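Following the hints, complete the assembly by docking chain R with the ligands onto the known chain D.
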Amino acid sequence: MKRTLPQSVALYSGLLLVFLIIGMPFWWVVSGSVKLPREIIARVPTMFPQSFTTQHFEKLFQSTDFPAYLVNSIGVALFSTIVTVALALPAAYAFFRMRFPGRNALYRLILLAYAFPTIVVLIPIYGLFAKVGLIDTRTSLVIVNIAFALPFSIWMMRSFLSTVPKEIEEAAIIDGAPARVILLRIMAPLIAPGIASVAIFTFIASWTEYLFASVLIVSDARRTVPVGFAGIIGQYQIDWGLLLAGATAATIPVVILFAFVGRWFVSGLTEGAVK
Amino acid sequence: MAGLSLKSVKKRFGNVEVVTGVDLTVENGEFLVFVGPSGCGKSTLLRMIAGLETVSEGRIEIGDKDVTHVDPAKRGIAMVFQTYALYPHMTVATNIGFPLEMAGLPQDEIDRKVAEAAKVLHLEPYLQRKPRELSGGQRQRVAIGRAIVRQPEVFLFDEPLSNLDAELRIQMRLEIARLHQELKSTMVYVTHDQVEAMTLATRIVVLRAGRIEQVGSPLDLYENPDNTFVAGFIGSPRMNFVKVRVVRVAEGFAFVSAEALGLSEIPVRLRGVEPESPPGDVTLGIRPEHFRDGGDGALSGIVSVVERLGGTSYVHAALNDGSQITVESRDPREHQVGRAHTFAFDPDSALLFGGDGKRL
Ligand SMILES: Nc1ncnc2c1ncn2[C@@H]1O[C@H](COP(=O)(O)OP(=O)(O)OP(=O)(O)O)[C@@H](O)[C@H]1O
Ligand SMILES: [Mg+2]
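For the record, the sequence lines run as chains D and R.
At position 65 of the first sequence (counting the first as 1) the number is 65 in my numbering, and the numbers step up by one without a gap.
At position 285 of the second sequence (counting the first as 1) the number is 285 in my numbering, and the numbers step up by one without a gap.
Pulled out of the complex, with its shape left as it was, chain D reads as follows (with noise of 0.2 Å):
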């Protein structure tokens, strides 16, 4: 299709209005992160840096524990990932292909996990970790980041399930494949972006939960990086570049997750399996 000129205009200053109301927080985060001080809180702010400096980062890796609260983030937000797609996968599937009773009533239900306020279900999950002893471990923030995910993980690969042929898997069972063999040789192949999705929002929704990791961790040592670095940055006076440097820092696992799962995201994937 042809555009017009006026359409062209249009859809380019659409593109650049969107460009600009997300990439301008960021580009300043990331700018200022490598300007020295007398520049960040200059009275007129400059667009590209005048000045360059790492000392930023060199204090927040050399003189803060910020290198202590990314592990811990990275190690909650990998588990969190890795369990959480291992059980959506199965439960969608099942949801996708077993018969039993109840089944629609459940798969509406799951979204209601998300009906309720955290801060309501933060106390009897408190209770209920303090019975079991997990206050105070990485192992708690896990399970909370698993158990707020999955619903929407198993909604979300279910309906990237039902874009399957149903033929592809009827020769599969035909072939003599059982239901583990057609998940994860069949299935689990044909529906990487919707794998790569759920692994994205369960990462992200992991790497900046506050509530739970401000409330379960008591100890500094196993802080994740949002609560940790609150910490840094509230204790002395506000230090701008220390504050850009971290928030800077803090991307970069996701970005790295991005550009691993990226590759994923590809259309066409049952292109050739029927017609």
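Worth flagging that the hints you see were computed from the coordinates, not collected in a lab.
Careful, some of the hints might be misleading.
Claimed, not checked - Computed Cβ-Cβ distance ranges for the label pairs, DEER-style: (1) R:Gly21 / D:Phe260: 57 to 65 Å; (2) R:Glu116 / D:Pro193: 34 to 42 Å; (3) R:Ser162 / D:Tyr114: 41 to 49 Å; (4) D:Val181 / R:Leu309: 49 to 57 Å; (5) D:Gly127 / R:Glu57: 54 to 62 Å; (6) R:Ser135 / D:Val181: 23 to 31 Å; (7) R:Ser323 / D:Pro193: 57 to 65 Å.
As the list claims (entries may be wrong) - So these bits of chain D aren't anywhere near chain R, every CB distance computed over 12 Å: (8) Ile41; (9) Ile74; (10) Tyr107; (11) Gly127.
Given the structure is predicted, the values throughout are model-derived calculations rather than measurements.
Glycine included, every Cβ here is placed at the ideal spot set by N, Cα and C.
Using the frame of chain D, we list chain R with the ligands on its own:
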């Protein structure tokens, strides 16, 4: 290798009975074809044989073994789907070898069998490709390859050629026929292309609304249909049906007339027992290819369309009673649109059907 039998098989989806009692025995090595209009239950029947659909009532046996409740993979069948249903992320070789892998065969044996199948199906150059890098015909051959490596007792095909273009369809039809001759296994094949049915089948099953209308060899169904449905379904172009009246019955013949069409007392051979009283209003069936100059019967009508196919032509004409007929003609030049013409036919090859559509 084994035969197959269906015993009063029924299928209900909710309250709707889509297969209403099918009894059928397929001999070992037979090529059985299901034909019938869309929605008559051909696929459902085949899927019940495959085990992809449960049987609501009745029994299915494969080689004397009751498989009604047996897993699809343990029935000794292989199925080729209309939409190839290949595994898109696997190479051709892995696709073909997949059932063997599932059966737990060692890799070297899988490789050997895959190579064998690829040779039979001319797929050798494509073994390392993905399905999306193949043409439609090649994809369908991969699907067939995946079926033959398992050496099944029974092959099931659900309209395997209907996604292909006309030329490829003819080529693949020949390949399937050749495969049947080579493998000599039992094949059950669903199609609504009656040329496929006529050329491939040892026996054809004509289905309508979940019931068997008639079973027989292709020629048998063509020459000896049991009712107007089968007569109209087998043969292309369709058989012509003309309303006539029986005036008398004698010595195995019914003498039929239709004054408006210029037919009087044409003798048509009866198949069954002679009815005691003339059955009155009946239907006369004449195939387009059974019109010939100098025949004893004749219908006159106005030519409406002439379809020229080269060797033969089909002349469509409107009769006086408003019905349409199609006549095969060697020479289209003798027909002109809008002109009246008398079409002679051979009463010996005409068939008679009662008011209920049953053959007389
Ligand atoms: N899963 C199902 N649930 C309800 N009804 C179904 C289901 N599958 C098929 N049917 C119905 O059963 C009837 C037979 O369907 P089937 O697919 O066997 O027809 P078919 O003869 O193969 O037709 P076609 O030539 O169009 O493929 C149809 O009326 C269809 O609507
Ligand atoms: Mg069908």
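Each hint, compared with the structure:
| no. | hint | in the structure |
| --- | --- | --- |
| 1 | R:Gly21 / D:Phe260: 57 to 65 Å | 58 Å, holds |
| 2 | R:Glu116 / D:Pro193: 34 to 42 Å | 37 Å, holds |
| 3 | R:Ser162 / D:Tyr114: 41 to 49 Å | 46 Å, holds |
| 4 | D:Val181 / R:Leu309: 49 to 57 Å | 52 Å, holds |
| 5 | D:Gly127 / R:Glu57: 54 to 62 Å | 56 Å, holds |
| 6 | R:Ser135 / D:Val181: 23 to 31 Å | 29 Å, holds |
| 7 | R:Ser323 / D:Pro193: 57 to 65 Å | 58 Å, holds |
| 8 | Ile41 | 55 Å, holds |
| 9 | Ile74 | 30 Å, holds |
| 10 | Tyr107 | 21 Å, holds |
| 11 | Gly127 | 47 Å, holds |
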